[in-house]
Amino acid sequence: MVSMKRVAAVAAMSVLGLSACSGTDSAGSSAVPGAASGGGGDVLASAPVATAADILPGSTMEKIKKRGELIVGGSLDAPLLSQQNPATGEVEGFDADLGKALATYIIGKPKVKIVNSASETREALLSNGTVDVVFQTYTITPERAKQVAFAGPYYSSGLTIAVKKGTTGISSPQDLNGKTVIAGANTPAIPEIQKLAPQAKIITFGGDPECVQALKQDRGVAYVQDETLLVADAKKDPSIQVVGSPFTTDPYGIGLPHGDDQFKKFVNDWLTKIQSQGVWQKIWQNSLGTVVQGAAPTPPAIGSVPGS
Amino acid sequence: MSPILDHLPEFWQGLLVTLELTAASFAGAVVVGLAITAMRVGPVPVLRAIGTGYVETFQNLPLLVLLVLAVFGLPEIGIKAGLLATSMVVIALYEGAYIAEALRSGVNAIAKGQGEAARALGLTFGQSLRHVVLPQALRTVVQPIGNIFIALTMNTSLVAAVGVVDLTAAANRVNLVEAQPIPIFVGAGLAYAAVAAVAGLVTGRLERRLAVAR
Amino acid sequence: MTAPPARRRSSGPASTLLFDEPGPRARRRITVATVAGTVVALALLALAVRQFAANGQLAAARWQPYATWPMWRYLLGGLRSTALAAVVSAALAMAAGLALALGRLSRRRPLRLPAAAYVEVVRTIPALLLVYIVLFALPRYGLDLPLLWKLVVPLAVSNAAGFAEIFRAGVLSVERGQGEAAVALGLTHGQSLRLVVLPQAARRVLPSIVSQSVGLLKDTSLGFVVSYAELLYSGKVLANYNGLLIQTYIVVALIYLVVNASLSKLARALEARQPRRRIPGAG
Numbered sequence: 001m002v003s004m005k006r007v008a009a010v011a012a013m014s015v016l017g018l019s020a021c022s023g024t025d026s027a028g029s030s031a032v033p034g035a036a037s038g039g040g041g042d043v044l045a046s047a048p049v050a051t052a053a054d055i056l057p058g059s060t061m062e063k064i065k066k067r068g069e070l071i072v073g074g075s076l077d078a079p080l081l082s083q084q085n086p087a088t089g090e091v092e093g094f095d096a097d098l099g100k101a102l103a104t105y106i107i108g109k110p111k112v113k114i115v116n117s118a119s120e121t122r123e124a125l126l127s128n129g130t131v132d133v134v135f136q137t138y139t140i141t142p143e144r145a146k147q148v149a150f151a152g153p154y155y156s157s158g159l160t161i162a163v164k165k166g167t168t169g170i171s172s173p174q175d176l177n178g179k180t181v182i183a184g185a186n187t188p189a190i191p192e193i194q195k196l197a198p199q200a201k202i203i204t205f206g207g208d209p210e211c212v213q214a215l216k217q218d219r220g221v222a223y224v225q226d227e228t229l230l231v232a233d234a235k236k237d238p239s240i241q242v243v244g245s246p247f248t249t250d251p252y253g254i255g256l257p258h259g260d261d262q263f264k265k266f267v268n269d270w271l272t273k274i275q276s277q278g279v280w281q282k283i284w285q286n287s288l289g290t291v292v293q294g295a296a297p298t299p300p301a302i303g304s305v306p307g308s
Numbered sequence: 001m002s003p004i005l006d007h008l009p010e011f012w013q014g015l016l017v018t019l020e021l022t023a024a025s026f027a028g029a030v031v032v033g034l035a036i037t038a039m040r041v042g043p044v045p046v047l048r049a050i051g052t053g054y055v056e057t058f059q060n061l062p063l064l065v066l067l068v069l070a071v072f073g074l075p076e077i078g079i080k081a082g083l084l085a086t087s088m089v090v091i092a093l094y095e096g097a098y099i100a101e102a103l104r105s106g107v108n109a110i111a112k113g114q115g116e117a118a119r120a121l122g123l124t125f126g127q128s129l130r131h132v133v134l135p136q137a138l139r140t141v142v143q144p145i146g147n148i149f150i151a152l153t154m155n156t157s158l159v160a161a162v163g164v165v166d167l168t169a170a171a172n173r174v175n176l177v178e179a180q181p182i183p184i185f186v187g188a189g190l191a192y193a194a195v196a197a198v199a200g201l202v203t204g205r206l207e208r209r210l211a212v213a214r
Numbered sequence: 001m002t003a004p005p006a007r008r009r010s011s012g013p014a015s016t017l018l019f020d021e022p023g024p025r026a027r028r029r030i031t032v033a034t035v036a037g038t039v040v041a042l043a044l045l046a047l048a049v050r051q052f053a054a055n056g057q058l059a060a061a062r063w064q065p066y067a068t069w070p071m072w073r074y075l076l077g078g079l080r081s082t083a084l085a086a087v088v089s090a091a092l093a094m095a096a097g098l099a100l101a102l103g104r105l106s107r108r109r110p111l112r113l114p115a116a117a118y119v120e121v122v123r124t125i126p127a128l129l130l131v132y133i134v135l136f137a138l139p140r141y142g143l144d145l146p147l148l149w150k151l152v153v154p155l156a157v158s159n160a161a162g163f164a165e166i167f168r169a170g171v172l173s174v175e176r177g178q179g180e181a182a183v184a185l186g187l188t189h190g191q192s193l194r195l196v197v198l199p200q201a202a203r204r205v206l207p208s209i210v211s212q213s214v215g216l217l218k219d220t221s222l223g224f225v226v227s228y229a230e231l232l233y234s235g236k237v238l239a240n241y242n243g244l245l246i247q248t249y250i251v252v253a254l255i256y257l258v259v260n261a262s263l264s265k266l267a268r269a270l271e272a273r274q275p276r277r278r279i280p281g282a283g
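Residue numbers (the UniProt record's numbering), protein chains in the order written: chain Z, 1 to 308; chain W, 1 to 214; chain R, 1 to 283.
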């Protein structure tokens, strides 16, 4: 469990978040696709900027604008979502670029500071004002909504199963009963497996590269993780494959301080704008779209989930 | 306390794994430590160098790094064992370096005349090590080795990073469900403290029994 | 036994207790053992490397990233964070350790007992468990420390016990006569401790302090758990980025090895510099 960072939260974390995944150790894979999305700049150039009238006096937005920097709770090690590029120091991916787009909307330029946060501490970070917003595959749940506010959902994902190519007899979570299953430490995959396949033996590793390596070395017969991550893994490493379709629905929200309705409305308005102007779709194309085939999905309706 | 009582089986299972790991790795570490010490106090320069290199390497690497490297790296050189077994071996090798170092200072503390006397009596290298030097060295290092045992017990908690569900990992999993960190982690801490306390008692008793009036 | 503090002493010249200057026959045997030892060691190494290569882990493409500056820049940044965490924790742990040691040596029970209890309890709790408490339990009570402190606090708490034991052993290793002489000269108990006993103890425990600090530096790898971007966690971020799990951790391991070996070397140099004062002193 190394990555306890993301710990406890049962819930949540995202699946993805945890572990990022990238890495397999397979031959020759170079960088994570999408991690190198240098394209963020062009997209951000076309991203909307709020009018002066939107930045209400005395509001959270005004405070951020005055500071000149948006402070985001996020990850550094979640490829495709929020992964630091060691060469440039930039954090790249879907969540990271959305954070930059929100900064652009408020400040006029993509000035973002990422506070690497453990999932367990996100509520505390928001309520004590350490961060302005959280973009970290933060699944919206009614329990969490008692402590923080959620804008969005801005994306919907779910858990699925990967196996070594050639494995038969596993196509749904129930097939995992009696088998050894790999999961990221402290990811929501653990309680889900326990619920759907109570006889499965779960072994956990801190990060996605470790999990993939463990799967390839037969430490377990299946690996349960967020679909996007697994698709990326399978794309990089032809020796593993994704089976079945997601068996959970995890709507990701933008975490905001509890009770700041003004700011929540502001962020939801921004989300509506970037979705209607195609910015959301371009950001998706640059990150998750580099491993998932087809056009960008339709974003989930804002406010459609209990807790949002 | 109910988060602990409700999950007693998980805690118990985790504690068993911790005890098993502790016992097996400690036994292994003693064997490794003795072998390395024998190499380091012998006359063959290459073996002495290997022994010293071994101790230096293992004392200067974080156990966490060794565990991750062994679990994922060893299968790449064709050695594949279970996670628990791999962890046991890694901890034994790691703590073996500390035991070797403790034994060596024990050996160094022995008067040179002891070795000379043993040779004068015609004992071979192995015999003088076994019958003359080690028994005296062991006596002076009971306390340091007791400390290494306690450190080893604490270090077994790192196996959680490589997928072994020991007491710490079990506590973490229970906390994931119950979200009551204080009683859960304090409970686990008490269990470790109990193991260490037993070790302390044994060490104290052993030290008294081995003590010789001089 | 006034052996210097019981921590491991680092390897000085190994003992020649068990053998004399070898004669011709022994020399021949030593040569045979040398050759055999070398051959076995090299054979094992070669076998491992061959297997490793057979699995493609030695392919140039998998190592090439570590021939580039940005990767090293990133890892060295991690090393800097490791050093920062280690220095801050060591400073706190030493200060607390000194206070605890003095408390434990105090003649006053109300000082002695809590200090002893702290040391005995804390050294039997895994640092990882302390990290969990800071990570998961404190935020529930509204105390969410910055990342660096989430690593530093548990390390300082747990290493304070280790440093306390070192200082205490150091003070106890100073011959009683020293303190007694100081008191006979008219110094108070406090003065004799401060002016006579502690300076001598400090010199003797230096090597142990360095080894405890090396241990502490190794403990900062728990930043992996905290997601504080020290060396090992930086390695994790890198492995996520380039997918080279094994290569990355080997490089990280080598960096730890070089840094810690240098520190241990320093400890040895300090030990060697120490005047053998027990010979004239204790007689």
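FYI, nobody ran anything at the bench for these hints, they're computed from the structure.
Some hints could be false.
[Unchecked claim] Okay, derived cross-link-like pairs now, EDC-like style, lysine to aspartate or glutamate, Cα gap no bigger than 16 Å in a straight line:
#1 W:Lys112 / R:Glu21
#2 Z:Lys111 / Z:Asp175
#3 Z:Lys201 / W:Asp6
#4 W:Lys112 / R:Asp20
Right, here's what the structure says about each hint:
Between W:Lys112 and R:Glu21, the direct Cα distance comes to roughly 14 Å. Compliance with the 16 Å bound is thereby established for this hinted pair. Note on Z:Lys111 and Z:Asp175: the hinted pairing is violated, with a Cα-Cα distance of about 47 Å set against a maximum of 16 Å. Between Z:Lys201 and W:Asp6 the alpha-carbon distance is near 20 Å, which puts this suggested pair outside the 16 Å criterion. Between the alpha carbons of W:Lys112 and R:Asp20 the distance comes to roughly 11 Å, so the proposed pair stays at or under 16 Å and holds.
In this structure, the earlier hints numbered 2 and 3 are contradicted, and the remaining ones agree with it.
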